[in-house]
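So the sequences go chain by chain: A and B. Residue 425 is where the first sequence ends in our numbering, and the numbering goes up by one at each step. Residue 1208 is where the second sequence ends in our numbering, and the numbering goes up by one at each step.
Calculated from the structure, these hints are not laboratory results. Quantities reported herein were computed from a predicted structural model and do not represent experimental measurements. There could be a bad hint or two in this list.
[What the hints assert, rightly or not] If you anchor each label on the Cβ, the simulated ranges turn out as follows:
id : chain 1 : residue 1 : chain 2 : residue 2 : range
1  : B       : S622      : A       : S365      : 54 to 62 Å
2  : A       : K286      : B       : E1120     : 51 to 59 Å
3  : A       : H273      : B       : S1154     : 53 to 61 Å
4  : B       : H761      : A       : T93       : 38 to 46 Å
5  : A       : D25       : B       : P755      : 49 to 57 Å
6  : A       : A29       : B       : M616      : 28 to 36 Å
Don't be surprised by glycine CBs; every beta carbon is placed ideally from N, CA and C.
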Amino acid sequence: MSASAIFVLDLKGKVLICRNYKGDVDMAEIDHFIPLLMQQEEEGMICPVITRGTVHFMWIKHSNLYLVATTNKNSNASLVYSFLYKLVEVFTEYFKELEEESIQDNFVVVYELLDELMDFGFPQTTDSKILQEYITQEGTKLEVTKTKVPTTVTNAVSWRSEGIKYKKNEVFIDVIESINVLVNANGSVMSSDIVGSIKLKTMLSGMPELRLGLNDRVLFSLTGRDKGKTVMMEDVKFHQCVRLSRFDSDRTISFIPPDGESELMSYRINTHVKPLIWIESVIEKFSHSRVEIMVKAKGQFKKQSVANNVEIRVPVPSDADSPKFKTSTGSAKYVPEKDLVLWTIKSFPGGKEFLMRAHFGLPSVEKDELEGKPPITVKFEIPYFTVSGIQVRYMKIIEKSGYQALPWVRYITQSGDYQLRTNA
Amino acid sequence: ILLDSFRFNILNKLLIIETRPCVIPGCFSARRHDDLKEMLDSNKDSLKLEAMKRIVAMIARGKNASDLFPAVVKNVACKNIEVKKLVYVYLVRYAEEQQDLALLSISTFQRGLKDPNQLIRASALRVLSSIRVTIIVPIMMLAIKEAASDMSPYVRKTAAHAIPKLYSLDPEQKDQLIEVIEKLLADKTTLVAGSVVMAFEEVCPERIDLIHKNYRKLCNLLIDVEEWGQVVIINMLTRYARTQFLNPNINETDSSFLFPCMRLFKSHSIALWFLSELFRAVSLPIEQSHDAALIYTAIRKILICCLTHVHVSCFSEVQYVVLQNVATMTIKRRGMFEPYLKSFYIRSTDPTQIKILKLEVLTNLANETNISTILREFQTYIKSMDKDFVAATIQAIGRCATNIGEVRDTCLNGLVQLLSNRDELVVAESVVVIKKLLQMQPEKHSDIIKHMAKLTDNIQVPMARASILWLIGEYCEHVPKIAPDVLRKMAKSFTNEEDIVKLQIINLAAKLYLTNSKQTKLLTQYVLNLAKYDQNYDIRDRARFIRQLIVPTEKSGALSKYAKKLFLALKPAPVLESPFKDRDHFQLGSLSHLLNAKAGGYQELPDWPEAAPDPSVRNVEVKESVRAVGTVTYRDTGALWGLQGPQKMEGSEGCSFRRCRNSDLCFSSKIFTFLEEISYGIYFRALQVCGGLCSALTPAHCHLPSSESDSASGSESGSEDSRSGSESDESKEASESEEEEEEDLKTRKKKEKPLKKPVQESERYIVLINSSQQREGEAGFLCTNDPQFRMNSCRSAETTIAPSSALKSYELLHRITGEGLSVEYCFSRQPFIPDANMVAVQVHFTNNSTSDTKSLHMEDVKLQSGMRVKEFPEIELLPAGETATAVMGIDFCDSTQTANFQLCTHTRKFFVSIQPPVGELMRPFFMTENEFKKEQGQLMGMNEITEKLTLDVKCRNEHAIVQKVTTAANLSRVPCGSDKECRFAGRTVTSSSLVLVTVATKDQGAAQLTVNCEKMVIGTMLVKDILLALTQ
């Protein structure tokens, strides 16, 4: 079905750890992987699947490691990549950081995990929460000999084990939206969408039943209400705990949450968003002498809201020198290794306008190569605010024991891929 | 016996090991591992564990630890689970190398398989099956068989996993393994489903017959199976669908698996898995299919999912795979992705690979309407720093120009402008592309050729120089003055040129010599002489060859006559094609598709069968289906709502909704679905949406009695639903019922049995109470899961239809002419079950005479060509004073022609005729507002008829309009955002042409009626009828 063997390599191609699942591909084949990769790199065409004879290497890179799956069968490509990323996710849960050192320090656990995650090339239980119950990091917990399969493996509710207890029962809901904008050089928005996710941090005892109410437009129109702002969500995806049938029938989001942190749902809204931070730039290049940059940033959101840690990155020619800056607020810095000016504004209230001027010298000898025109990118974070206007209307928590639990909600809007093309 | 022989073996081995420890190969390392051995031999678990950890770490590093095998194997019986697990890990790694020793451990596994702890049973089986030693095949087989009937699903799952392992070890076990697979396929737990299907795919994918009985069950389980299992199941189901159902383009299909699949998209992000082959399954003319709405929704889901992957590029590898698939799909299904063009705009942060793929998609999507936007976008890309990407962009422009004739000149001009770009690479690439473009219409573009000729002075990239020279040579007749001059310059620099350029110089010289020998004879000679002494033998060869060919000498008689023909033959213009053109024969999402080459074990999807295989093989015994209905089917029908609103049809085809397969009955099942929705507490909206539907049923079923009694009965039944009464304060109630096919009734009744309680008539009412009862956060959920409520709605659905008094009746036979027999007919608006293309006509007989009438039947049907009639069954006896009803079906061929026939009794014959009002020639069709608008956009011009009208005073509200229109024509309401517009949709009964009606209201009763219909006659008549209905 998918992989014949899984390898973890360091950057030089040395095998750190490997697991042969099917035995139908020679394990020595991996020695050809790095040379092939290098060859592709030289040709400038790196492809996530490399073929040598009948053997295919599907690989991903994570920090200073290559994770490679070999196969000689027609496997499902996206499944293999997903599995490799799942590996990274599980390892990261176990070791905090997945890198060469953490693999070397935890050979046994990694090997056991590899054993558990895949059987005969077919992925098995890959939920790190469940795995952590029976593949313990501390192999020394000898006294607690487990005589039961973790119920979670066989249970109907596979994502939550029973008997969880908290002194104080709380749920933290984070509504995080990141907006992706692509703006043309003449200032028109070419594409914009919002990618949102609702994250939970559950600290609840027992087996609570939760119900989340959002100002979902479909729900509101179903129930015939049209008061207030509603949100039309596209491509909604849920954590496996959400009862899809309930959602399908009446748009109720009801679920038994996994313990601790989890992403409850994600959605995408493809709408025309007014760019929250609008940038106007004039980049004047006087050949052989200087570049003058004027950037105007405007906060196009409510006056009450404040954007934090705004970073505006303005590209400059790579041969620019002797930077001079003038800003109406915040500070500007030249980052020569990335060929850009980084203008940081710690707090940017809505409706305000700020200016930055930069002046660079250019060498009198011009280099031959023509430079491209990279876009201006912006990073920011606006708390207590969502672009889409999505709201958590309620969170009901019902548990047999009938305890009172507190839901906390936090809204954050971030910049995702926020690019404004420039003229110069 | 086996066991005993093994034990004997084991004892022997042990003895050998104990007595000759140093004879084992690699004794040095053995000595080095002495400490480990000691630890393993100790009594303390902690020491053993420590030792095992160190050993496993050695394995993981790839160091050889095989010499420890005997010491480790002993510990396989260790009680400590942690130690045991590590010993297992060790065994799996080394069993193959040390087969004899591995047998030592077998008995432990056999004991493990009997362990009361399911985890131990499972892992014993797993390790046992992972030991690739042929000698234990019989033991494995036995273990798998036993485990397949284990109590614990976890163990059964492991058994399923062990099957392919055993199969790869010894393919001869296939038959026995298939038995086990068959048994496990019948398993009802989600945990097992994925694994057993995986085993099925590995061992016996050809035994599709094993799936029949489990098909519906698997469809239902799909949503709950873990994600990796889902992939396998979907793959298998796709293959199944391809062998068992007819092509959905041509015929209806059993697409019950689409639903769970679509819902999967909500649960995880790797939805591309599903793509597999759906797209090829569902080609464009889906409107014809009755599952159209379903399939359409499925495709939309896939699309949106793909787009999310394109947008949210967290893992560029996954994005890469998705874009590859999208690129393939865009070639055949451009229309699907066209609205999402902007999603494929390139961001400067994308990796080059992704950029090039997006470019490919954009190029595939380009057509006359969007080309200008795309070209503008391309212009930005040309300024990018990424050189490979810029080159690809220029090629993309070239492809757009070849594919879309209208913009060829624009593109060419743009490319010519690029020739003055400062970047040589850009110029070179443009030259190459321009060359290709010019080949299409060289005569028009001599100035471009001239311009390019000038470039030879500056441009250095060999490929570009070569292209220019070729162009000038090829079209030297268009640039007679410049060509020789270029040759002169080239001759000068000949020795310094690259090989590829030299060859083209020779070519140019030859062509000029043939056309303009006067000016260029000497030059050609010179060039050929230079080439004669070139270092490259290709060039020397070419020079010699050309000289012989073009310069006539005594020896070279025959060929030189044809030199002109040879050199100046008309060359066909190159076709610029997408590299993804041929990829679509690989299954989407597979590795083979990604590589564009067959990977090992690639299986072609079978083609759709010519004739539908017997669908009854999937039927499961009723007993089972009753249970399934209770649990699964409800969820699925409920699911219909959330996804796409009213266009949703039947969810689970399985079990009780089998009738849905009879395409015509989709209609009634839809209503049933709506009733379900209603029970889920979203009544009002549902009523609005199916307003048309309800009235289509029989207006008698939607009535509005006084509010008080209703709320009373409502609270009695404990099933309340609230909404904010923004439009009206009165409570509404409705009971809806429908006529059911007889066999359905049976199934339905069975299904209800466990729920049945005495139900009062009043409980059938669904009551809406106004907003005062509504609490924040609670509204709409009050009764969501009330089982009794569900039952009520079921019951209401079950009740047979009331006499259709409210339908307009027409007279067929007056009682005077009929000598006491009066016959009336009405269009029941029910689907005619025996034939989907017929309009059901309900005929109502009344015997007013004093004597009985016998053997009432039809005879001598006279029809216009194409029309068909399905006669009503003969009524044997109609006693005096009694009435009888019969249903007949007439295919009017979408015209209002009359159907003439004789109505016979035992004594007399009457000539009668039935003529349908145009509004009865259609049946409701469900679509969303967007679909409506889209369809409307395609039915413009001649197909659109617009009339202005002034609404009658009584029908100036939305409700009245809906009622009037749906009474006049058998259409369904399309949900609509604005209250100024009412939209209705239907399809004609015979040809399934869309009929779209829009009533837009303005101030003071003014309104505009628009009818869009492919059949203009129907459209015109329908306008008249609706106009009449709305103005009177």
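For each hint, the structure was consulted:
| no. | hint | verdict |
| --- | --- | --- |
| 1 | S622/B - S365/A: 54 to 62 Å | 42 Å, violated |
| 2 | K286/A - E1120/B: 51 to 59 Å | 55 Å, holds |
| 3 | H273/A - S1154/B: 53 to 61 Å | 20 Å, violated |
| 4 | H761/B - T93/A: 38 to 46 Å | 39 Å, holds |
| 5 | D25/A - P755/B: 49 to 57 Å | 31 Å, violated |
| 6 | A29/A - M616/B: 28 to 36 Å | 53 Å, violated |
In this structure, the hints that do not hold are numbers 1, 3, 5 and 6, in rising order.
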